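J.: Here's the letter readout for the chains.
Protein chains: 2
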Amino acid sequence: MPSAPYQEINPPQRILLGPGPSNVHPRVQQAMMAPVLGHMDPYFYTVMEDTMSLLRYLFRTKNALTFPISATGSAGMEAGLCNFLEPGDVAVIANNGFFADRMINIASRCGAEIIRLDAEWGRIIEPEAIEAALKSQKKVKLLALVHAETSTGVLQPLTEAAQLAKQHEALFLVDAVTSLGGHEVAVDDWSIDICYSCSQKCIGCPPGLSPITVNQKAMETLKKRSHSVSSYYLDLSLLSKYWIRDGSRAYHHTAPASMFYALHEALVLIADEGLEARIQRHAEHGAALQAGLEAMGLVLHAQPGHRLSTLTTVCIPEGIDDARIRQRLLSDYSMEIGGGLGTLKGKVWRIGLMGYSSSEQNVLLVLSALEKLLADEGYKTETGAGIKAAVQSLRK
Amino acid sequence: MPSAPYQEINPPQRILLGPGPSNVHPRVQQAMMAPVLGHMDPYFYTVMEDTMSLLRYLFRTKNALTFPISATGSAGMEAGLCNFLEPGDVAVIANNGFFADRMINIASRCGAEIIRLDAEWGRIIEPEAIEAALKSQKKVKLLALVHAETSTGVLQPLTEAAQLAKQHEALFLVDAVTSLGGHEVAVDDWSIDICYSCSQKCIGCPPGLSPITVNQKAMETLKKRSHSVSSYYLDLSLLSKYWIRDGSRAYHHTAPASMFYALHEALVLIADEGLEARIQRHAEHGAALQAGLEAMGLVLHAQPGHRLSTLTTVCIPEGIDDARIRQRLLSDYSMEIGGGLGTLKGKVWRIGLMGYSSSEQNVLLVLSALEKLLADEGYKTETGAGIKAAVQSLRK
Numbered sequence: 376m377p378s379a380p381y382q383e384i385n386p387p388q389r390i391l392l393g394p395g396p397s398n399v400h401p402r403v404q405q406a407m408m409a410p411v412l413g414h415m416d417p418y419f420y421t422v423m424e425d426t427m428s429l430l431r432y433l434f435r436t437k438n439a440l441t442f443p444i445s446a447t448g449s450a451g452m453e454a455g456l457c458n459f460l461e462p463g464d465v466a467v468i469a470n471n472g473f474f475a476d477r478m479i480n481i482a483s484r485c486g487a488e489i490i491r492l493d494a495e496w497g498r499i500i501e502p503e504a505i506e507a508a509l510k511s512q513k514k515v516k517l518l519a520l521v522h523a524e525t526s527t528g529v530l531q532p533l534t535e536a537a538q539l540a541k542q543h544e545a546l547f548l549v550d551a552v553t554s555l556g557g558h559e560v561a562v563d564d565w566s567i568d569i570c571y572s573c574s575q576k577c578i579g580c581p582p583g584l585s586p587i588t589v590n591q592k593a594m595e596t597l598k599k600r601s602h603s604v605s606s607y608y609l610d611l612s613l614l615s616k617y618w619i620r621d622g623s624r625a626y627h628h629t630a631p632a633s634m635f636y637a638l639h640e641a642l643v644l645i646a647d648e649g650l651e652a653r654i655q656r657h658a659e660h661g662a663a664l665q666a667g668l669e670a671m672g673l674v675l676h677a678q679p680g681h682r683l684s685t686l687t688t689v690c691i692p693e694g695i696d697d698a699r700i701r702q703r704l705l706s707d708y709s710m711e712i713g714g715g716l717g718t719l720k721g722k723v724w725r726i727g728l729m730g731y732s733s734s735e736q737n738v739l740l741v742l743s744a745l746e747k748l749l750a751d752e753g754y755k756t757e758t759g760a761g762i763k764a765a766v767q768s769l770r771k
Numbered sequence: 376m377p378s379a380p381y382q383e384i385n386p387p388q389r390i391l392l393g394p395g396p397s398n399v400h401p402r403v404q405q406a407m408m409a410p411v412l413g414h415m416d417p418y419f420y421t422v423m424e425d426t427m428s429l430l431r432y433l434f435r436t437k438n439a440l441t442f443p444i445s446a447t448g449s450a451g452m453e454a455g456l457c458n459f460l461e462p463g464d465v466a467v468i469a470n471n472g473f474f475a476d477r478m479i480n481i482a483s484r485c486g487a488e489i490i491r492l493d494a495e496w497g498r499i500i501e502p503e504a505i506e507a508a509l510k511s512q513k514k515v516k517l518l519a520l521v522h523a524e525t526s527t528g529v530l531q532p533l534t535e536a537a538q539l540a541k542q543h544e545a546l547f548l549v550d551a552v553t554s555l556g557g558h559e560v561a562v563d564d565w566s567i568d569i570c571y572s573c574s575q576k577c578i579g580c581p582p583g584l585s586p587i588t589v590n591q592k593a594m595e596t597l598k599k600r601s602h603s604v605s606s607y608y609l610d611l612s613l614l615s616k617y618w619i620r621d622g623s624r625a626y627h628h629t630a631p632a633s634m635f636y637a638l639h640e641a642l643v644l645i646a647d648e649g650l651e652a653r654i655q656r657h658a659e660h661g662a663a664l665q666a667g668l669e670a671m672g673l674v675l676h677a678q679p680g681h682r683l684s685t686l687t688t689v690c691i692p693e694g695i696d697d698a699r700i701r702q703r704l705l706s707d708y709s710m711e712i713g714g715g716l717g718t719l720k721g722k723v724w725r726i727g728l729m730g731y732s733s734s735e736q737n738v739l740l741v742l743s744a745l746e747k748l749l750a751d752e753g754y755k756t757e758t759g760a761g762i763k764a765a766v767q768s769l770r771k
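Residue numbers (the numbering used here), protein chains in the order written: chain A, 376 to 771; chain B, 376 to 771.
Pulled out of the complex, with its shape left as it was, chain A reads as follows:
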């Protein structure tokens, strides 16, 4: 017998303003109480069909293969890369953040040769750099960009990149982990061939799933592979036989039913709110937070004009203890914000306003809490300045 007395799970109720997970709407949480069904149950197929249809709305696509991968966002990234890259392929990949770096890591595990698009962390990749890379002597198979870089808070423009990829006959892969459901992601209009996200950020579902959409052009490429896909679990040809209704549903893996229910409910909430209104909500709260932080004399890390509304990076002022502030946010406010990742560790905080967490009350509370805790550390700012600027921004 295990020696410890194991108690019921009783986690604190946190205000989740980190890089994700975000808070979950009670209706989404409640959906997980629905009875588990087998993955071949006729009713379960209707849940799958609905989910695909709702995801197409969210991704703004007509792609048949639009479904959640049964694992978290990093697995979506892996699925997006390992199905389309095989040994010897050339990929052009952004190199301006922690998740761009992860894409490079995964692509190199696929045996691909990688041309890196370098930019400082906190800046976008310029179209000129993309064009130069695509024009290199080598035939480029895939261009991969991170739409919303969770480590830097940068929103990467995509339309020119998409045109360049098309022109050079490369597949265009976009990581929309921190944008889908909070920023516009128009897969078809923007000519994105492969796009994935996660469940636990702007979609507002618990972590565990990774929505992905793949167009016909990309699926054709998949058929021409000379090696099998390294991963069985993420093999899109096999997954499509389970997900695409064509008379038969070939068993691939046991679908995580409770997570699917939660995702379905989160997507219904998005449809109820309306995608445009939801994006507007994220924009307003993000702008208010950023106005407030700047009014407190803090410096935003991401390139002006290319800032995410879903996740804000703010530089930690000289002499302020990163860990102590985040620890006190947790203990005094039960509020989570993110620390810096990779080269930004100890240099920035990451404040997420995503999904159900993107609310006026959270903007006001995080500014108020930061003002209080920074003042305790000796950082000087006018009392209430941050909150005031945020409210002014909200009333605009």
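Take the hints with a grain of salt, since some may be wrong.
[To be verified] With a cut-off of at most 27 Å between alpha-carbon atoms, the simulated BS3-like pairs for lysine-lysine come out as follows:
id, chain 1, residue 1, chain 2, residue 2
1, A, LYS616, B, LYS720
2, B, LYS722, A, LYS616
3, B, LYS616, A, LYS722
If you're looking for bench data, these hints aren't it; they were derived computationally from the structure.
Because the structure is a prediction, the values reported are computed rather than measured.
Given the coordinates of chain A, assemble chain B onto it according to the supplied hints.
T.: Structure of chain B alone, referenced to chain A:
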């Protein structure tokens, strides 16, 4: 806007007697209502530590690296293989069922050369065959067997195989997807180096996680790889930096908090029941079901003496419509049983009695339902014979 009116999820309450998922105890379902936490939250770490400790109890191991992979059982299989096999390695793998076949598929995606241990579906792999394969001219790196073959209902003996693997310095990998929590799986006593399972069968949690345990010997092998592991998501070296407490917890992916809560609660229920009592419960109900089916004149598919108590394969009588019976079980009894997989499609039914679903009432109900529906199809059997034999078996 999506055109369909999307309704709340309202799945029927099924009696899940298929190959998994099994029914979920109300306490396990309730655990998913706990608030989602960030994957770096101090409280969340305590949930992780408890879960690892409870899993060690279940796997009967002291292995430090004992944790749930954040994806379903098939991903556990992939993790078990892709971390230890690289191009050019030789693996000896069972070839006597659908999931053995899946292991071969995944191992070949890793670039391994495979020596197949052939046996008829429904029969075990004999130790002599294992010894012959390990004695082949080639240096074998890994021996892989399925403990409980979900497609055939066979329980593979493991102790001799483990000794042979040790003798030939091969790693011993065991798939315990349909046994862990229902049959004895003694990882340390049986000298298993790598063992994985799933959450949704005998553990009684919803699908979505794959518990795995890996000993030090296997982890040493991992360090000596010459190629990086093909999968980032399933890379055990990276995952161990998140899971093993050593001062730092390196972020790898966003842990599916709600699923972890459910698994934790399911494991607490197992500890409360006691592993021995739980295995005994599965044994008694499995035996009663099998006695009942045989008393109805039905033929069990799996080799006598090597039958699972968690999943029973029974041959579909001549002239009986497989799909219609299963359809009527669903519509008249809201009960799911499994059809045959692969070469057994249309030839057997698979009746699971796993976790919370392994109960006297389910044994009686499935026998009663099958008797009624088979009689409607013209199959002749003495009324009540199945139930009577089951009860006699239970009272033994």
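J.: A separate judgement is required for each hint: does it hold in the structure or not?
T.: Quick rundown of the hints versus the structure:
Taking the CA atoms of LYS616(A) and LYS720(B), the gap is about 17 Å. The hint holds against a cut of 27 Å. For the hint pairing LYS722(B) with LYS616(A), the CA-to-CA distance comes to about 23 Å; that is within 27 Å, so the pair holds. In summary, the hint linking LYS616(B) to LYS722(A) is supported, as the alpha carbons are separated by about 23 Å, within the 27 Å threshold.
Against the hints set out earlier in the document, no violation occurs for any number.
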